[in-house]
Amino acid sequence: MDIHFQPLSFLTGTPDPSRLYVGQYDPGLVALSIAIAVFAAYVSLLVVQLSEQAAPGRSRRMLLILGGIGFGVGIWSMHFIGMLGFSLPCNISYGPWATALSMVPGVLAGIYALRFITAGQSRKRDLLLGGTLFGGGIGLMHFTGMAAMRMDAYLRYDPGLFTLSILVAVLLSISAFWLRTGVLGQLRLPGQISLLLSALVLGLAVSGMHYTAMTAAYFEIGNLSQTVSNGFDPVTLSLVIGLAVFIMIGMMLITVHRESQARFESAGRITELLEEIKGREVLLTGLVESTPDALFTVDRSGRIKVVNRRASELFGYTKEEFIGRDISMLLPERLRSGHAAHLASFFAAPRVRQMGSQTSSLFAEDKQGREFPIEVALSPYETADGLMCIAILRDITERKLVERELVDAKLAAEQSSRAKSEFLATMSHEIRTPMNGIIGMNTMLLQSGLNCEQQDYAHTIQHSADALLVLLNDILDISKIEAGKLDIEQIDFDLYTLLDHFAQTLTLAAQQKGLEFSFAISANVPRLLCGDPGRLRQILNNLTGNAIKFTEAGQVRVEVETLARNGDSVLLKFIVSDSGIGIPRAKFDRLFQQFSQVDSSTTRTHGGTGLGLAICKRLSDMMGGDIGVESEQGKGSRFWFTARFTLSQQVVADTLDTAPQRPAEPHLEPDPEPQSGPTQGSAAVQTGPISEAGEQISPPQLLLVEDNLINQKVAVGLLKKLGCQVDVANNGQEGVDALEQKRYDLVFMDMQMPVMSGVEATRAIRAARDKAYRQIPIVAMTANAMEEDRQACMDAGMNDFLTKPLSVQRISEALNLWLELPPTP
108 MDIHFQPLSF LTGTPDPSRL YVGQYDPGLV ALSIAIAVFA AYVSLLVVQL
158 SEQAAPGRSR RMLLILGGIG FGVGIWSMHF IGMLGFSLPC NISYGPWATA
208 LSMVPGVLAG IYALRFITAG QSRKRDLLLG GTLFGGGIGL MHFTGMAAMR
258 MDAYLRYDPG LFTLSILVAV LLSISAFWLR TGVLGQLRLP GQISLLLSAL
308 VLGLAVSGMH YTAMTAAYFE IGNLSQTVSN GFDPVTLSLV IGLAVFIMIG
358 MMLITVHRES QARFESAGRI TELLEEIKGR EVLLTGLVES TPDALFTVDR
408 SGRIKVVNRR ASELFGYTKE EFIGRDISML LPERLRSGHA AHLASFFAAP
458 RVRQMGSQTS SLFAEDKQGR EFPIEVALSP YETADGLMCI AILRDITERK
508 LVERELVDAK LAAEQSSRAK SEFLATMSHE IRTPMNGIIG MNTMLLQSGL
558 NCEQQDYAHT IQHSADALLV LLNDILDISK IEAGKLDIEQ IDFDLYTLLD
608 HFAQTLTLAA QQKGLEFSFA ISANVPRLLC GDPGRLRQIL NNLTGNAIKF
658 TEAGQVRVEV ETLARNGDSV LLKFIVSDSG IGIPRAKFDR LFQQFSQVDS
708 STTRTHGGTG LGLAICKRLS DMMGGDIGVE SEQGKGSRFW FTARFTLSQQ
758 VVADTLDTAP QRPAEPHLEP DPEPQSGPTQ GSAAVQTGPI SEAGEQISPP
808 QLLLVEDNLI NQKVAVGLLK KLGCQVDVAN NGQEGVDALE QKRYDLVFMD
858 MQMPVMSGVE ATRAIRAARD KAYRQIPIVA MTANAMEEDR QACMDAGMND
908 FLTKPLSVQR ISEALNLWLE LPPTP
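Positions in the sequence shown are counted from 1; adding 107 to them yields the numbering used here.
There's no promise every hint is true.
[Unchecked claim] BS3-like cross-link-like pairs, simulated, lysine-lysine; straight-line CA separation at most 25 angstroms: (1) K507 - K474; (2) K724 - K680; (3) K849 - K827; (4) K680 - K656; (5) K507 - K517; (6) K742 - K724; (7) K527 - K517; (8) K426 - K474.
Keep in mind that the hints were calculated from the coordinates and are not lab data.
From just these sequences and the hints, can you work out the full model?
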């Protein structure tokens, strides 16, 4: 049983108007709530009159208790009708159990009030005590009812107005008791006038306290929507209140009717009671008529018995046209055939039901044939004529329009995102194609025996092209992250090997600037992990590269430690610290935003787009961690990030030492100056490789399927430098034909080509009958760098995927992997 109350909270200062919801009152419902309070007091005092004529004993006590319960239900109904008349621009519901419990103080206060009036105590001390207890009971009921609210707001009270509302309730209660037990008795007014005046003052005591207390309430904008959907919505609450008032009135009418027949035998008195009953029926009719939704009462056969004004306004029929007709007249023709079964199902298992919610759609049709969506609340109730059904219908056309607009906006946003992704993919392809020519030709130029000045120029070209490639990759990564297309892999890897390779690369970069580079791993850091080593290396490269770039003298240090370990899950922390220029604290919030730099002078001096740290932030989030920085301007920075991994289940043949080596102090000596020729890089393929027996091995026979002449020239040049024999096909169809004419060891395949694409050509090759022909290794060599492009190649049957611009090292690695060549001496 979930009983949820809003905590009682008071304002501690002047509220910020921009943080407040401003409520509005429905005048009709406000008037109805006051009428309910007066009517409940009137009926209860009438029961008091009947009890005074009854013999002392159980019968009198039962009448007083019944009258007190009726008065309490009236107080409770007045409160919640008043709350229905008060609207806020946010979601509101009411906790079922808390709403029900809020009735208890009202009932106890009602019983106490009737007992006090019956006792006829008029001394000042008694009046003060009685008024205080009754007013306090009203206040307790009100604030308990307010605490039952569930909404997207925080409820606060002004202490002064809060106290004033209690005082109003107490003073009006004292006045009501004083009038009833003292003044009215001395004035000797006619019974009905005395009864009405007393009921009026008691009703005003209840409603006065309510609306004074409402002025003390402030509704601060909040985010508590997780509790709103668990309570009564306004339609259900309207139905509950209607049923409560109906039951209260029914109980009162039955009691008055029985007691009047037993106590009053004169025709005049019976006539007077009938007039009173008629007045109550008028009030009940007013309650039904003021309901903001269409209300119908239907019998077992589906015939309409009662209808309110709102139903006529909504459907265009007069009340006379409604009464006696089947309620299926309100449904579109296509839905009427199944209505009888739904009606029978309701009366077979009568209970409160709600239909037409988010999960289903109901439609109604008005007199003009206009069809519109509705929500329906059904509730059974017993009458003298048998079981009836109360149906409350609400037109939800405006809500559906808003929902449609939200769906359209979502589709438009998704379409815009797809268009952006397609644009970036196209631009990536178009930029990578000429970059492949620049980088590839420059690589071969560096190996062509240049003098020192020419080599310097060529190295400058290489560095500029590499920087442009980094920028392009960063933009693609951001695009993938925003489109939700960047996935974190889960593969086994050796963390120490990864860190050793990383440290060797960054040590060289640090040494070139004259910086000290150190590395430390805590002893509790596991070696074999499962996660995404590529993305981990990307974050480390970015943070450490920044540290080297922004440090002119001193040191750069990388540390790794274990933060938490739970079963197979381990949370690691990586720290990159430097003695560089540092970052002002006021600029911290800009560090991890896209295209954001600390200031413009940094951009001019050191370059960069501000994308790297934004990508690191997104990647660390996707890896179950976080990222942050500690820095002081002029004294260096300390960047850190965390990432979660699982322990690898891979069985390693090598026995690990109890204290395995870690790349705390990587030993890397700079490579000697590159010599002209095809042997740059440890993975290079040498011309004319030698077998273990000393025999000359024929060069690998490769087929390059590429339509772009520049890319053909670059690829052929790089592959020949690596000692390969290369034939060229200008499109996929030529590639398929070439394979039918000659045996090749490996195929490099572009994706986008005329006549036949690389994907289509690969499918044709894999579908061939010749097994050797069908199993030839095919490596994609393309400017299409998106994940869906790689997946399309893999699905077609390619073995590997290389993106342009090409490098000697990446081509060498692919050759050694798929040709199983002997290692380079």
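- Query: What hints, given by number in increasing order, does this structure fail?
  - Reply: Failing hints: none at all.
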